[in-house]
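Heads up: the sequence lines are chains A and B, in that order.
Residue numbers for the first sequence follow this note's numbering, beginning at 1 and rising by one.
Residue numbers for the second sequence follow this note's numbering, beginning at 1 and rising by one.
Hint data in this document are derived by calculation from the structure and do not stem from the laboratory.
Cβ atoms here follow ideal geometry from the backbone N, Cα and C, with glycine treated the same way.
Some clues are possibly wrong.
Computed spacing ranges between beta-carbons, pair by pair [stated by the list, open to error]:
{"hint": "1", "chain 1": "A", "residue 1": "Gly-130", "chain 2": "B", "residue 2": "Ser-112", "range": "28 to 34 Å"}
{"hint": "2", "chain 1": "A", "residue 1": "Ala-163", "chain 2": "B", "residue 2": "Gln-203", "range": "36 to 42 Å"}
{"hint": "3", "chain 1": "B", "residue 1": "Pro-240", "chain 2": "A", "residue 2": "Lys-236", "range": "46 to 52 Å"}
Restricting the straight-line Cα-Cα distance to at most 25 Å, the calculated cross-link-like pairs of lysine-lysine (BS3-like) are [what the hints assert, rightly or not]:
{"hint": "4", "chain 1": "B", "residue 1": "Lys-195", "chain 2": "A", "residue 2": "Lys-87"}
{"hint": "5", "chain 1": "B", "residue 1": "Lys-300", "chain 2": "A", "residue 2": "Lys-42"}
{"hint": "6", "chain 1": "B", "residue 1": "Lys-236", "chain 2": "A", "residue 2": "Lys-42"}
{"hint": "7", "chain 1": "A", "residue 1": "Lys-225", "chain 2": "A", "residue 2": "Lys-29"}
{"hint": "8", "chain 1": "A", "residue 1": "Lys-266", "chain 2": "A", "residue 2": "Lys-182"}
{"hint": "9", "chain 1": "A", "residue 1": "Lys-182", "chain 2": "A", "residue 2": "Lys-87"}
{"hint": "10", "chain 1": "A", "residue 1": "Lys-269", "chain 2": "B", "residue 2": "Lys-355"}
{"hint": "11", "chain 1": "A", "residue 1": "Lys-225", "chain 2": "A", "residue 2": "Lys-176"}
{"hint": "12", "chain 1": "A", "residue 1": "Lys-243", "chain 2": "A", "residue 2": "Lys-182"}
{"hint": "13", "chain 1": "A", "residue 1": "Lys-42", "chain 2": "B", "residue 2": "Lys-195"}
{"hint": "14", "chain 1": "B", "residue 1": "Lys-355", "chain 2": "B", "residue 2": "Lys-373"}
{"hint": "15", "chain 1": "B", "residue 1": "Lys-303", "chain 2": "A", "residue 2": "Lys-13"}
{"hint": "16", "chain 1": "A", "residue 1": "Lys-234", "chain 2": "A", "residue 2": "Lys-211"}
{"hint": "17", "chain 1": "A", "residue 1": "Lys-176", "chain 2": "A", "residue 2": "Lys-220"}
{"hint": "18", "chain 1": "B", "residue 1": "Lys-267", "chain 2": "B", "residue 2": "Lys-236"}
{"hint": "19", "chain 1": "B", "residue 1": "Lys-196", "chain 2": "A", "residue 2": "Lys-41"}
{"hint": "20", "chain 1": "B", "residue 1": "Lys-236", "chain 2": "B", "residue 2": "Lys-303"}
{"hint": "21", "chain 1": "B", "residue 1": "Lys-355", "chain 2": "B", "residue 2": "Lys-372"}
{"hint": "22", "chain 1": "A", "residue 1": "Lys-251", "chain 2": "A", "residue 2": "Lys-211"}
{"hint": "23", "chain 1": "A", "residue 1": "Lys-236", "chain 2": "A", "residue 2": "Lys-251"}
{"hint": "24", "chain 1": "A", "residue 1": "Lys-269", "chain 2": "B", "residue 2": "Lys-43"}
{"hint": "25", "chain 1": "B", "residue 1": "Lys-355", "chain 2": "B", "residue 2": "Lys-379"}
{"hint": "26", "chain 1": "B", "residue 1": "Lys-196", "chain 2": "A", "residue 2": "Lys-87"}
{"hint": "27", "chain 1": "A", "residue 1": "Lys-182", "chain 2": "A", "residue 2": "Lys-211"}
{"hint": "28", "chain 1": "B", "residue 1": "Lys-322", "chain 2": "B", "residue 2": "Lys-303"}
{"hint": "29", "chain 1": "A", "residue 1": "Lys-13", "chain 2": "A", "residue 2": "Lys-29"}
{"hint": "30", "chain 1": "A", "residue 1": "Lys-266", "chain 2": "B", "residue 2": "Lys-43"}
{"hint": "31", "chain 1": "B", "residue 1": "Lys-303", "chain 2": "B", "residue 2": "Lys-372"}
{"hint": "32", "chain 1": "A", "residue 1": "Lys-182", "chain 2": "A", "residue 2": "Lys-29"}
{"hint": "33", "chain 1": "A", "residue 1": "Lys-41", "chain 2": "A", "residue 2": "Lys-87"}
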Amino acid sequence: MTFPYEDYLRNEKLPLLWCPGCGDGIVLKAIIRAIHKLGWKKDDIAMVSGIGCSGRTPGYVDFNTLHTTHGRPVSFATGIKMVRPDKHVIVVSGDGDATAIGGNHFIHACRRNIDINLIVINNSIYGMTGGQFSPTTPIGINTSTTPMGNIDPAFDIGQLAIAAGATFVGRQTVAKGLMLSKMMEEGFAHNGMTVIDVIANCHTQYGRRNKLGDPIKLIKFLQDKAVPLRKAEKMKPGELEGKFVTGVLHKVEREEYTDAYERLIKEAKGQGGK
Amino acid sequence: MSRKVRLLSGNEVVAEAAIAAGCRFYAGYPITPSSEVAAVMAKELPGVGGRFIQMEDEIASMGAIIGASLAGVKSITATSGPGFSLKQEHIGFACITEIPCVIVNVMRGGPSTGLPTAPSQSDVMQAMWGTHGDHPVIALCPSYLREIFTETVRSFNLSEKYRTPVILLLDEITGHMNGRVEFPDIEELEIIDRKKPTVPPDQYYPYDTSFGDVPPLANFFDEGYRYHVTGLNHDKTGFPTINPELIQADEERMLRKISDNLDDIIKYEEMNLDDADIALVAYGSTARSARAAMDEARAKGIKVGLFRPITLWPFPEKGLLKVAEKVHTIIVPEMNLGQMILEVERIVKERAILKGIHQVDSRPISPERILKKIEEVTK
Ligand SMILES: Cc1ncc(C[n+]2csc(CCOP(=O)(O)OP(=O)(O)O)c2C)c(N)n1
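Build out the structure end to end from the sequences listed, making use of the hints.
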């Protein structure tokens, strides 16, 4: 049986504007599969994005979609979720969008533990603006603004999210589309801030500038650095140098922000609570 | 609930009036001299089923109120100087996406951190031109406590009616002045809500101008009405376009939805202008000093009148022109180094002599200083 992607897509908007072989398309498919599995109604979903290649994702899906400003989609999503806590809110962001210009919004949404599902398509570069380095570009990598190799240390988005207070944090590569989708399903169902760090290929910018210009070659290069959590737990810290851990990195229960606010409303109206 | 008369500050009146206008969401970041708006909203919103959030900065606050408004809830944020600067990118987003919202700026001295606890009127040009790109703006500037109430309600009404952000300008004096406020009868307040679509979902477009220059707005999550919103220039469907004709037409329409409705949007007060030789043009708290100066001048037999714009943008051009035809001199006192006087000059041209009083020394402009200028030009 073929999967009914077309039920969720704005089919008239195809073909996608992303470069052939771009990881963004894999993420799009994974999101749709997760939503289908969860049985969410299209009317009940808001998908919000910032600016960048990743920011174009909402344009293709038949939900309530909002393409905002660079780095700030989480702030818009917070407003939506605050007034409609009964609805599902998904944010699709890039590594620059989420952790450079939007870093402040990112950590504070995690701290609040508001039920927003944040997918960071982490290609370790600024795709849309011509391949400048981002907060997740590894040391030594060539980009248009690091012509002699990057000297800026990188963020680990997963660790950042955990430290800031997100209650569901996962990481997967675009090489593992189905596993990514399963992880999204679990993360979307989780009541609280979900952050999924999707390690993705930008062969056009990152690849071309580092002799990895072919999408398959670059995806393989990235996948070779992935260490599943179970395996990583048995490894010594030094052995993980230059690699990254995949899987559900963190999952805990803590009161969700709009649930907490609902308590205040009940209290203020004098129903229940003290 | 009998709370018809209360002792409140201007900032507190803003919050009370916002709730009366149907506002149920506040997002903001603390900054003097605007913080009392947030304090009242935090206290009162949960009791009426509304929601308050203190965000991580002003950019986020502005994003949050746009998101909440798109989800169908009237929303407001309040700030001052530095915070108003930070909000500008998202004010532009609300302009181009035509999402109603209200932004309160309690003006303080600047630039930068400037004078946090001193009054100023130096953001009146920023209110018009602060965000990049061509865009329509409505900015209101009340002078009296009761008027702060009515103009706050009007801010929501205009933003809903014209699908545009509305900027409500207070200053440290109007925001912090305390007084007895007689509330209008809430039942009798005119409350305007955004026009909702009358067509079924499959015929709905968020920027469909076949219903006029202000397209009906479905809320996010309204059954079946799923649509796309972007800060890129877009066509009637809400999706990005690079079609030059469509872009030109849409940008002109956004200006036109304001410029074709000036009589509805513009409000000003005229006092003693019928026989006046000299007109004071003053707004916000400075208009209070101007009024006192006018009374003293009149007592001395000098024929002075007051023209007080309540709507600052779009500026009451027609009204001011009539004044300029009658008087020989116009005096513009304002707490900045010459901002609104530029707009007055553009309108008045050679019709009258123009004099400014521009004070930015942290103190309000006194009636005495205005009176002195009146006497100077009388000689
Ligand atoms: C305020 C602001 N600054 C800069 C830009 C220019 N800009 C657009 S996208 C982008 C970076 C995108 O990189 P990333 O977020 O990693 O997403 P990608 O394109 O790789 O998906 C930048 C800097 C902008 N649109 N707005």
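For each hint, the structure was consulted:
Checked against the hint of 28 to 34 Å, the pair Gly-130/A and Ser-112/B passes, with Cβ atoms roughly 32 Å apart. Against the hinted window of 36 to 42 Å, the Cβ-Cβ separation of Ala-163/A and Gln-203/B comes to about 49 Å, which falls outside the hint. Distance hint check for Pro-240/B and Lys-236/A: the Cβ-Cβ separation is about 50 Å, which falls inside the suggested range of 46 to 52 Å. Annotation: proposed proximity of Lys-195/B to Lys-87/A holds, straight-line Cα distance about 23 Å (limit 25 Å).
Note on Lys-300/B and Lys-42/A: the hinted pairing is violated, with a Cα-Cα distance of about 72 Å set against a maximum of 25 Å. Of the pairs offered as hints, the one joining Lys-236/B and Lys-42/A holds, with about 22 Å between alpha carbons and a cut-off of 25 Å not exceeded. Annotation: proposed proximity of Lys-225/A to Lys-29/A holds, straight-line Cα distance about 23 Å (limit 25 Å). Distance hint between Lys-266/A and Lys-182/A is unfulfilled; the C-alpha atoms sit about 36 Å from each other, more than 25 Å.
Under the criterion of a C-alpha separation no larger than 25 Å, the hint pairing Lys-182/A with Lys-87/A is consistent with the structure, at around 21 Å. This hinted pair does not check out: Lys-269/A and Lys-355/B have alpha carbons roughly 55 Å apart, beyond 25 Å. For the proposed pair Lys-225/A and Lys-176/A, the alpha carbon gap of about 13 Å is at most 25 Å, so the pair holds. As the CA atoms of Lys-243/A and Lys-182/A are separated by approximately 22 Å, the hinted pair is consistent with the 25 Å bound.
With a CA separation close to 24 Å, the supplied pair Lys-42/A and Lys-195/B stays within the 25 Å bound. Note on Lys-355/B and Lys-373/B: the hinted pairing holds, with a Cα-Cα distance of about 8 Å set against a maximum of 25 Å. Distance hint between Lys-303/B and Lys-13/A is unfulfilled; the C-alpha atoms sit about 67 Å from each other, more than 25 Å. As the CA atoms of Lys-234/A and Lys-211/A are separated by approximately 33 Å, the hinted pair breaks the 25 Å bound.
This hinted pair checks out: Lys-176/A and Lys-220/A have alpha carbons roughly 11 Å apart, not beyond 25 Å. Straight-line distance between C-alpha atoms of Lys-267/B and Lys-236/B comes to about 32 Å, which puts the hinted pair past the 25 Å bound. Taken as a hint, the Lys-196/B and Lys-41/A pair is honoured in the structure, with Cα atoms around 22 Å apart against an allowance of 25 Å. For the hint linking Lys-236/B to Lys-303/B, the alpha-carbon distance of about 54 Å lies beyond 25 Å, and the restraint is violated.
A hinted pair counts as satisfied when its Cα atoms are at most 25 Å apart, and Lys-355/B with Lys-372/B qualifies at roughly 12 Å. Proximity of Lys-251/A to Lys-211/A is assessed by CA-CA distance (about 37 Å); at most 25 Å being required, the pair is judged violated. A hinted pair counts as satisfied when its Cα atoms are at most 25 Å apart, and Lys-236/A with Lys-251/A qualifies at roughly 23 Å. Distance hint between Lys-269/A and Lys-43/B is fulfilled; the C-alpha atoms sit about 12 Å from each other, no more than 25 Å.
For the hint pairing Lys-355/B with Lys-379/B, the CA-to-CA distance comes to about 14 Å; that is within 25 Å, so the pair holds. Pair hint Lys-196/B plus Lys-87/A holds up; C-alpha atoms about 21 Å apart against a cutoff of 25 Å. Note on Lys-182/A and Lys-211/A: the hinted pairing is violated, with a Cα-Cα distance of about 32 Å set against a maximum of 25 Å. Between Lys-322/B and Lys-303/B, the direct Cα distance comes to roughly 17 Å. Compliance with the 25 Å bound is thereby established for this hinted pair.
For the hint pairing Lys-13/A with Lys-29/A, the CA-to-CA distance comes to about 15 Å; that is within 25 Å, so the pair holds. This hinted pair checks out: Lys-266/A and Lys-43/B have alpha carbons roughly 13 Å apart, not beyond 25 Å. This hinted pair checks out: Lys-303/B and Lys-372/B have alpha carbons roughly 14 Å apart, not beyond 25 Å. Of the supplied pair hints, the one linking Lys-182/A and Lys-29/A holds, its CA atoms being roughly 12 Å apart against a limit of 25 Å.
With a C-alpha separation of about 10 Å, the suggested pair Lys-41/A and Lys-87/A falls inside the 25 Å cut-off, and the hint holds.
Checked against the numbered hints above, the structure breaks hints 2, 5, 8, 10, 15, 16, 18, 20, 22 and 27 and satisfies the rest.
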